[in-house]
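Each chain, letter by letter, is given below.
Number of protein chains: 4
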Amino acid sequence: MIIQMEAKAGEKQLERLVERLGNDGFPPEMLDISRGDTFILVGLKGDTRAIDEGAYRALDYVLDVIRISDPCKELTRDFHPRPSIIRLGSGLRIGKDLAVIAGPCAIESRDQLMKTAKLVVDAGANILRGGAFKPRTIHRSFQGLREDGLKLLAEAREKFGIPVITEIMDARDIHLFVEYDIDIWQVGARNCLNYTLLDALAEMKNPKPVVLKRGDHVSISEFLGAALRLYDGNTKVILCERGDKTVDPVYRNVLNLNNVAWLKKRYHLPVLVDPSHGTGVRQIVPDMALAGIAAGADGLMVEVHHKPEEALCDGAQSLSADFKKLTPLVRQVFELRRQAKML
Amino acid sequence: MIIQMEAKAGEKQLERLVERLGNDGFPPEMLDISRGDTFILVGLKGDTRAIDEGAYRALDYVLDVIRISDPCKELTRDFHPRPSIIRLGSGLRIGKDLAVIAGPCAIESRDQLMKTAKLVVDAGANILRGGAFKPRTIHRSFQGLREDGLKLLAEAREKFGIPVITEIMDARDIHLFVEYDIDIWQVGARNCLNYTLLDALAEMKNPKPVVLKRGDHVSISEFLGAALRLYDGNTKVILCERGDKTVDPVYRNVLNLNNVAWLKKRYHLPVLVDPSHGTGVRQIVPDMALAGIAAGADGLMVEVHHKPEEALCDGAQSLSADFKKLTPLVRQVFELRRQAKML
Amino acid sequence: MIIQMEAKAGEKQLERLVERLGNDGFPPEMLDISRGDTFILVGLKGDTRAIDEGAYRALDYVLDVIRISDPCKELTRDFHPRPSIIRLGSGLRIGKDLAVIAGPCAIESRDQLMKTAKLVVDAGANILRGGAFKPRTIHRSFQGLREDGLKLLAEAREKFGIPVITEIMDARDIHLFVEYDIDIWQVGARNCLNYTLLDALAEMKNPKPVVLKRGDHVSISEFLGAALRLYDGNTKVILCERGDKTVDPVYRNVLNLNNVAWLKKRYHLPVLVDPSHGTGVRQIVPDMALAGIAAGADGLMVEVHHKPEEALCDGAQSLSADFKKLTPLVRQVFELRRQAKML
Amino acid sequence: MIIQMEAKAGEKQLERLVERLGNDGFPPEMLDISRGDTFILVGLKGDTRAIDEGAYRALDYVLDVIRISDPCKELTRDFHPRPSIIRLGSGLRIGKDLAVIAGPCAIESRDQLMKTAKLVVDAGANILRGGAFKPRTIHRSFQGLREDGLKLLAEAREKFGIPVITEIMDARDIHLFVEYDIDIWQVGARNCLNYTLLDALAEMKNPKPVVLKRGDHVSISEFLGAALRLYDGNTKVILCERGDKTVDPVYRNVLNLNNVAWLKKRYHLPVLVDPSHGTGVRQIVPDMALAGIAAGADGLMVEVHHKPEEALCDGAQSLSADFKKLTPLVRQVFELRRQAKML
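Residue numbers (UniProt numbering), protein chains in the order written: chain A, 1 to 343; chain B, 1 to 343; chain C, 1 to 343; chain D, 1 to 343.
This is chain A alone, in the form it adopts within the complex (with noise of 0.2 Å):
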């Protein structure tokens, strides 16, 4: 951190700023000070997480606080070189194989899920999602079957033998979510930056992998701020990059995939990416499902339904009818993950 103050600012008004870098935990000996003709610059030298940018940007002849050192350290590679793989009971090892997550957006029916889930399955996907408890815009909306949906994630898993995600809205709910079973939890873009929630996931023992979907226009540092929430209670935190709205009418979402390269190429933990929120436009979920793979994502988050036409939200961002594209599109990305490795 390099805190900039006027030249003319004089020496009395640096002793009081030594001084409270002083109370703040940074004393003389922490301190680079280079004084110039225009500005004087003093450079913090440890950690200054704790340091409150703002509160120094405050005191008079102080034009800016700059932050240098990545907040997030322990999510860098600097930190952990090599990516963090996550094991799934399935034996899948997300991080290092490529994962397929596909599944209506709601849970409907019995026999909507299990159609479902067989499609899926068949299509050579290896995880099931489906959503139990749903945020929508509208609160007379259909919202879910909650505890039910969960029950019959449950089910299929067990008829089918895949792991299944779902996301988690409220800390009240771990119990259910704990009593299912449930391999993977997702914390879903409106509650990227719900503290009380991620803060009650982190204080969970014998975690679950959960998978945490960045929120609309939430930058890449409050994202890591939010993984890291997660990270220092439970490791196995996934991110999920599912785009941003955009003043573009053709789009719901744009998707933002320089954010799968930066987070692969500075930090360790897995990253997904989710084409069907980030269009909200099925023709092309599938190209942007292989650009993602492209720019380095560990794996998709796609939404399928056995018959959209009848789904009770998304449809328009589901796959297709009659599942005739999700598995040419499965080995694609397959194969272009091969690829990839080979490239």
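Take the hints with a grain of salt, since some may be wrong.
Stated by the list, open to error - Which stretches of chain A does chain D cover? Using the computed rule of at least three CB atoms under 8 Å from a CB of chain D, they are: (1) 208-220; (2) 247-256; (3) 283-296; (4) 333-340.
Hints are computed from structural coordinates only; laboratory data are not their basis. Since the model is a prediction, treat every value here as computed from it, not as a measurement. From the three backbone atoms N, C-alpha and C, an ideal C-beta is built for every residue, glycine too.
Since chain A is already given, all that's left is putting chains B, C and D on it; use the hints.
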């Protein structure tokens, strides 16, 4: 709602659509069907809020589904022509009298809060704010005094006879807010779409007024959807505009005053404006406070600290060290409001 | 400018950097070098505007290059403490007197322009606007009356004794603007970064005042960079804020009043605000006009049409059919400006 | 196009609308009128591109005007089902063969360009880029070698037998581009909506292929509108995606690959991707190049410099000092393209 189909769809597809609409509660007599050369347009009469657009978009030959009526009808001026007025115990009528909420970002100590409260009251503000629970990006930063903060707020209220507002982040803290009889409960920007929290607040008996801050890049329709969740159980909902992240590094956020003007013009809930978070630049907070009032806002929420250079968070956004600027600002906003009423 | 190197870079790399800085005009005596455990910071003293940051960022071991001083120093209040005032032939002093520019988006006919001009003058506005050359997204739409439009504007000026402003899109039209002696030349938002056009305008002898509209998502530093290109040859530059595209479908653009407050606080050029394009929603144009003035703007630019339902472009943004709303708005903005001066 | 009126408008208002539509070339037989309880919907049959939506939105009782058909019909796959292929003199078929355009941001000297050109050719790229005219934010920065740059490009083309591309910023330079017989003319992002320049290029006899880069936050419809201006006079138009500014300080821009997938799916023009400007982060340029090809792009445009640490602009975005990374990247993109064709 209008469903737009390709004309080449043919009668069979149209029948299928009509049948499906019937199942969703829209029999043929509630439909307007218009056949053109290129498109068939099906208009739905009645309350279409429970209809899932996505499901219809996924049907073959359906090109688009266009919502026309406002899903948050109860919040519109059509439904409730006069502005809602929310009375506090102090007699202040939010939505009619100008509300000026001021205080520190975070409550740090009794001394700090009492000093600030005195300055706030002397300056002419009529509601005291202070954060007890703080959502911070990096979780190892200072997270607030929590219950002790609520206790101090209650003490300040007694001492200065001023209502208090503070942020609730977790439904599990509701009993504390009840215990200390917090006058106005704030839902922060990060929790704007935290439906779990909103629903818990909506279910309360004898609820207090709630200020709902717009989250980053949350659209008007999402914001109203969240407000309606609260409103269904508690009509004392106050909206607050606090800006969006921006591509321009000059600001922390950009205040969206279009929203203030539009929300006041079309909806009946009171609207506040937060120029501190809406800029992140101390020098322009007063200008943007005035601009917010000129755009139609019913009040302000500003951060102040008796010594901003010692604030533990958000110091750069606080108004001034010695409150020299708060008093003239309060005088100006009251004057502007008075004149605006006469203009 | 501060160049931040990794401490592990070693003296050799540092020497190489210092040598390179010497070649770029920064000999060792213009550098402040501060060696820390983690970083080496090299501060540059003097005018660094010609330095290319990217070239230094590309050097091995360089982590960041941080610009501190304003590359548009001539436009700051440090350089020119009082607001610039631009006098028109009519005696109006832009930057001191409130400028109210009103008129149709496009000039359509003599009848339309003269009727509108009369209404504009009667309502109390002091500059007449009207588009002669129109940049339209779809090029087969109406593109403006071109030279005939300029002729009509000149005619309206003579008839009503009011200065006129219109947009120049092409350096090849400069002679026409000179011929019809257009009082204020506007560079539109799409051409904000069209350096060819800006440079051509800057090279003129005896130039007229130029209004430069901020382009979509153009940052403050890009905007000032464009303004400085003009200012180097013509100090009579007036800035105009007109909003950015938005993710919210309610608006065409969102007016960024942070920019108005910031530009007025830190820089000396006059700043106008365009609430018509900055919203795209007729109902809130008056509110946003007032908000703009409250934020510190020196004037307004609003679209009006004597019969908006017949306007050939941008009708939804025009103020009203019968100008009933323009007269009270002009009265209000003058009243607000008067009071703002006294506040 | 559908015009939505309130049902309470009454027959008189509807007649007025119908009459007005008649004047605009839509007699009653080209209208579909559907009367509902809440709304009257008027559908227009035929080519509505010349209709000004705003004028209709401004009418009393009109709530909305909804465009349905694509105003850039000629660019769609409906109109031209197969991808357009643009042949260069070198035999390269853009839209069919993978185009790999590489070279320095700015041409700085003969030595630099010739060395870079050799490396580019050796690495397997098939088009050489280099900026002769440079749009720089701060106009006192290096602005390019101008005509001398074009001359050097022509020399490099002769020497290495590789077609060249460079940016045209001013219609007054057209004769120079003709004189040096530049193979592909680039319109840069800042000039994407500079209609003066686009129209001048469209009017040329025997035009060369033009690459049109998408400007910051330019929407798909604006981008296609600009492309159509060119296409009307010169069908050899190539689109290039290069990202938008972002709220995240990590990147200079975020590449929008949704656009690549969508433009390829729905329109027939070739689409390139520029991962250098689309990220501004050297480390992820190769990943995003691959992602762009996977999303369907017909080629790449990447910045390289034989010694990036000495580049006069955009060094941080250049690929590498010694080109060690260009050769494997070119190999990878060709391999990915080959496989994508087989997937």
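Now the hints, each set against the structure:
no., hint, result
1, 208-220, "holds (count 3)"
2, 247-256, "holds (count 8)"
3, 283-296, "holds (count 11)"
4, 333-340, "holds (count 4)"
Consistency note: the structure conflicts with none of the earlier hints.
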